[in-house]
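> Chains as they are written, first to last, in the numbering used here: chain A, 1 to 394; chain B, 1 to 272.
Rather than coming from a laboratory, the hints here were simulated on the basis of the structure. Be aware that one or more of the hints could be misleading.
Claimed, not checked - With a Cα cut of at most 16 Å, we get these calculated EDC-like pairs of lysine to aspartate or glutamate: (1) K208(A) - D161(A); (2) K231(B) - E287(A); (3) K306(A) - E287(A); (4) K268(A) - E99(A); (5) K205(A) - E162(A); (6) K208(A) - D151(A); (7) K213(B) - E287(A); (8) K268(A) - D161(A); (9) K213(B) - E162(A); (10) K208(A) - D152(A); (11) K268(A) - E100(A); (12) K183(B) - D172(B); (13) K208(A) - E349(A); (14) K213(B) - D221(A); (15) K76(A) - E227(B).
To be verified - Okay, the calculated bits of chain A under chain B, using three or more residues with CB under 8 Å as the criterion: (16) 69–78; (17) 225–239.
By construction, the Cβ of each residue, glycine as well, lies at the ideal position given by its N, Cα and C atoms.
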Amino acid sequence: MKKRITVALILISVLVSTFCPWVHAEEAESITVYNWGQYISDGTDGYLDVIEEFTARTGIKVNYITYDSNESMYTKLKTGGATYDVIIPSDYMIAKLIEEDMLEPLNFDNIPNFQYIDEEFRNMEYDPENLYSVPYTWGTVGIIYNTKYVDDASSWASLWDERYEGKILMFDNCRDAFAIAQSRLGYSLNTEDVEELEACADLLKEQKPLVQSYVMDQIFDKMEREEAWIAPYYAGDYLFMVQENENLAFSFPEEGYNVFVDAMCIPKGCQNKEGAEAFINFLCDPEISGQNLEYLGYSTPETEAKQYMDPNVANSDIAYPDAETLSRATSFVNLSTEANQAMNSLWLEVKTAGSNTATYLIYTAIAVVIVAVIAVVIAMQKKKKKQRRGQSRK
Amino acid sequence: MKSKLLSAPYIVWMILFTLVPLGVVFYYAFADVNTGQFTMANLANMGTYTPIFLRSIWLSLAASAICLVIGYPVAYYISQTKPTTQRFLSMLIMLPMCMSFLLRTLAWVALLEDTGIINRLLSNFGIGPLPLIRNNGAVILGMVYNYLPYMILPLYSVMVKIDRRLIEAAQDLGCNSRQVFGKVIFPLSVPGIISGISMVFVPAVSTFYISQKLGSTGTTLIGDVIESQFKGAYNPNLGAAMSLVLMVLIFICVGIMNHFGEDNSEEGMVTI
Numbered sequence: 001m002k003k004r005i006t007v008a009l010i011l012i013s014v015l016v017s018t019f020c021p022w023v024h025a026e027e028a029e030s031i032t033v034y035n036w037g038q039y040i041s042d043g044t045d046g047y048l049d050v051i052e053e054f055t056a057r058t059g060i061k062v063n064y065i066t067y068d069s070n071e072s073m074y075t076k077l078k079t080g081g082a083t084y085d086v087i088i089p090s091d092y093m094i095a096k097l098i099e100e101d102m103l104e105p106l107n108f109d110n111i112p113n114f115q116y117i118d119e120e121f122r123n124m125e126y127d128p129e130n131l132y133s134v135p136y137t138w139g140t141v142g143i144i145y146n147t148k149y150v151d152d153a154s155s156w157a158s159l160w161d162e163r164y165e166g167k168i169l170m171f172d173n174c175r176d177a178f179a180i181a182q183s184r185l186g187y188s189l190n191t192e193d194v195e196e197l198e199a200c201a202d203l204l205k206e207q208k209p210l211v212q213s214y215v216m217d218q219i220f221d222k223m224e225r226e227e228a229w230i231a232p233y234y235a236g237d238y239l240f241m242v243q244e245n246e247n248l249a250f251s252f253p254e255e256g257y258n259v260f261v262d263a264m265c266i267p268k269g270c271q272n273k274e275g276a277e278a279f280i281n282f283l284c285d286p287e288i289s290g291q292n293l294e295y296l297g298y299s300t301p302e303t304e305a306k307q308y309m310d311p312n313v314a315n316s317d318i319a320y321p322d323a324e325t326l327s328r329a330t331s332f333v334n335l336s337t338e339a340n341q342a343m344n345s346l347w348l349e350v351k352t353a354g355s356n357t358a359t360y361l362i363y364t365a366i367a368v369v370i371v372a373v374i375a376v377v378i379a380m381q382k383k384k385k386k387q388r389r390g391q392s393r394k
Numbered sequence: 001m002k003s004k005l006l007s008a009p010y011i012v013w014m015i016l017f018t019l020v021p022l023g024v025v026f027y028y029a030f031a032d033v034n035t036g037q038f039t040m041a042n043l044a045n046m047g048t049y050t051p052i053f054l055r056s057i058w059l060s061l062a063a064s065a066i067c068l069v070i071g072y073p074v075a076y077y078i079s080q081t082k083p084t085t086q087r088f089l090s091m092l093i094m095l096p097m098c099m100s101f102l103l104r105t106l107a108w109v110a111l112l113e114d115t116g117i118i119n120r121l122l123s124n125f126g127i128g129p130l131p132l133i134r135n136n137g138a139v140i141l142g143m144v145y146n147y148l149p150y151m152i153l154p155l156y157s158v159m160v161k162i163d164r165r166l167i168e169a170a171q172d173l174g175c176n177s178r179q180v181f182g183k184v185i186f187p188l189s190v191p192g193i194i195s196g197i198s199m200v201f202v203p204a205v206s207t208f209y210i211s212q213k214l215g216s217t218g219t220t221l222i223g224d225v226i227e228s229q230f231k232g233a234y235n236p237n238l239g240a241a242m243s244l245v246l247m248v249l250i251f252i253c254v255g256i257m258n259h260f261g262e263d264n265s266e267e268g269m270v271t272i
């Protein structure tokens, strides 16, 4: 009996120590970073391992978690449960987070490397007084295509080209997907007009039968292995993919496209604000930024960082397009809740559209009839047996 | 009294992690996204998703039927072997379950893709890329592959308990092997069939990953839609309403199947 009590006590103490943070008071300082997938140099191919370097310099451990869209990050923040110290959302999402009072103002005394951020990336529209965010990267959305199969992708219309049926990928995130339809139809990328949004949804529905699948980060694999031929995605990721498959090319569509800034923020409820600021400061270090973004392919907001990059990357006209090309680009602003919801429900319509109700009705009806027939047969047999049983008892 | 005490942890667990979340789902399904006030709007629009519900049910019914057709002979064969072989074979059946569900599905993607292993192999013989992936068949295949063990194991555990003497008695009374199967083995294995079908159908109808990976843009299942409402669209209320409807549908399906089960267990008793 005593033995059993000891075992129980040990079990309980193990449980308590796993679930109660205060037992681990002596544990090393740590921060939790919540970032886009494939969005930090992780030490592959001899590039810098940014997180390891940060821990080596500061002794702060990093828990690194990723998401695949601004919206899923927002949902995680909103539903709570987990706490994060650093997040890296895009411009319009930062505006939304500021509006909903979900960000901590930064203490720029702890982020001296902010001085390296170029003037044009300070006090951006989404954070006019630059209180909450420090730019991490910027970039554009364009068409990535395989020159072996696709000869011209200068227009978004090539994503609707029937010759590429089944080889077209599309954004699995409603804002980016709608932006493409908006560019094609000549609407603003920030339109809140429901009729315009409906027209966009119709255009996307039209495209749906041609689309192989709606993806985010799986695009790397699919384009590199030529499972798909043409896809809209971020320019920085193109520069990453082209290293794996040199047949890939990138175009800035003539109708216009989205330009974005992803910036580092600290969400409300963070556990280690100073550690988070140290991390932000570290990522702004021109040497780190240069090496990190050389690997990522995204564009740096620090001219100073370019000297630490491979000159080919630093002078790439895809990462740093000329003023004329950039003049076609628009950045997203935060939409009203109504417009966001309208867009979301239209997007759901797009994703669920095109199914043939009639055929499924027939199939299901057949299945139900078969099941019903079996049920009747079994019931009748049972009745017969009961009768027989009744007779034999007599 | 003692048994009550022993079941207390489970009851607490059930209340905390099954009943309370169910209540939350229920609450969300009837609340407005913006105001949180009572509304029927989430459920009222459910008709729009009828084709998605039907497709989910149809595909998972098909998967259950195929699982049964494949699983029944396998389970019967295993139950007829020596006990040591039985242990080995049932371990083999369980082996794929040791690997992550996501990995197993991704492995099928690598096999079936246009540039996948099978198509590359075929292209050596000049056979052009076959449309193996991104259709209903691929989704059903994924379901069958992932859920087949859930069909075989209950069938096997029922069959292995069938009293050998009943089979011998039937043979003594002049049944040929087909009659033995039809009059003894099959009726006695019906409870296994019922639980096998429920164990395949229920997870298959609410699955969300298989269709995204193996299906086309037109094979979206209800699980995918629910996931998107919670993950990207931040409309947990609509997601909850869909889950609720799905739950009711599953209860109805399982209820019907259990009804068969009752019928047949009685019948089994009659045979004995």
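> If you test the structure against every hint from before, which numbers come out violated?
2, 6, 7, 8, 9, 10
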